[in-house]
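A.B. asks: So the chains spell out like this:
Number of protein chains: 2
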Amino acid sequence: MGEFTHLVVVKFKEEVVVDDIMKGLEKLATEIDSVKSFVWGKDIESMEMLRQGFTHALMMTFGTKDDFTAFQAHPNHVEFSATFSAAIEKIVLLDFPVTAVKPITA
Amino acid sequence: MGEFTHLVVVKFKEEVVVDDIMKGLEKLATEIDSVKSFVWGKDIESMEMLRQGFTHALMMTFGTKDDFTAFQAHPNHVEFSATFSAAIEKIVLLDFPVTAVKPITA
Numbered sequence: 001m002g003e004f005t006h007l008v009v010v011k012f013k014e015e016v017v018v019d020d021i022m023k024g025l026e027k028l029a030t031e032i033d034s035v036k037s038f039v040w041g042k043d044i045e046s047m048e049m050l051r052q053g054f055t056h057a058l059m060m061t062f063g064t065k066d067d068f069t070a071f072q073a074h075p076n077h078v079e080f081s082a083t084f085s086a087a088i089e090k091i092v093l094l095d096f097p098v099t100a101v102k103p104i105t106a
Numbered sequence: 001m002g003e004f005t006h007l008v009v010v011k012f013k014e015e016v017v018v019d020d021i022m023k024g025l026e027k028l029a030t031e032i033d034s035v036k037s038f039v040w041g042k043d044i045e046s047m048e049m050l051r052q053g054f055t056h057a058l059m060m061t062f063g064t065k066d067d068f069t070a071f072q073a074h075p076n077h078v079e080f081s082a083t084f085s086a087a088i089e090k091i092v093l094l095d096f097p098v099t100a101v102k103p104i105t106a
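These protein sequence lines are chains A and B, in that order. Residue 42 in this note's numbering sits at position 42 of the first sequence; the count goes up by one each step and never skips. Residue 68 in this note's numbering sits at position 68 of the second sequence; the count goes up by one each step and never skips.
Any given hint might turn out to be false.
Identical chains blur together in the list; that is why a pair holds if it fits in one copy or across any two.
The calculated lysine-lysine pairs, modelled on DSS-like cross-linking and capped at a C-alpha distance of 27 Å, are [what the hints assert, rightly or not]:
| no. | residue 1 | residue 2 |
| --- | --- | --- |
| 1 | Lys-90 | Lys-42 |
| 2 | Lys-13 | Lys-27 |
| 3 | Lys-102 | Lys-11 |
| 4 | Lys-90 | Lys-102 |
Read the hints as simulated data drawn from the structure, not as lab findings. None of these values were measured; they are calculated from a predicted model.
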């Protein structure tokens, strides 16, 4: 069993202060040890036709799928999920075991 | 300027042999030095409502945005893009500078 990634592609509602959401996510990722890595970004490049209105991508990676399952049930995650859900206009979620062709190195 | 990620979320056409596409992508990522990392995965977890028909995520990361721009113009990429485009039923692309809250380590 290898690493497991939780990928979120999202468009936030217009009135949402994205910085506040990101601060909440950063806190979550920092507090919960099983989050092995957390990176995110805001699209600055792709054509509107190809990004289809989505603006942000968030990727949390865990050492194992079990770590991800535990993360989902963590009270801090459950609490933050309510805030996050209220902020989104649309979302795509994918959860997958990572196949590393060229592994990521720091 | 930091790292730059090219994220592709995709649903392939039913008749497509996904392994062949992935082999093509692996070749591309291996041949082109500016591709710093390449990881991908097939969703095994999220609910259909949340993944909205998308099945695979591909993430290529570059040292800089300029490396990504050069990659896009690389003849091998241009050539493979035609094959890839013909294989997809739907796609979302996001291209973004990476904000690493918990940096990824090998």
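A.B. asks: Which of the listed hints are broken here?
C.D. replies: Every hint satisfied by this model.
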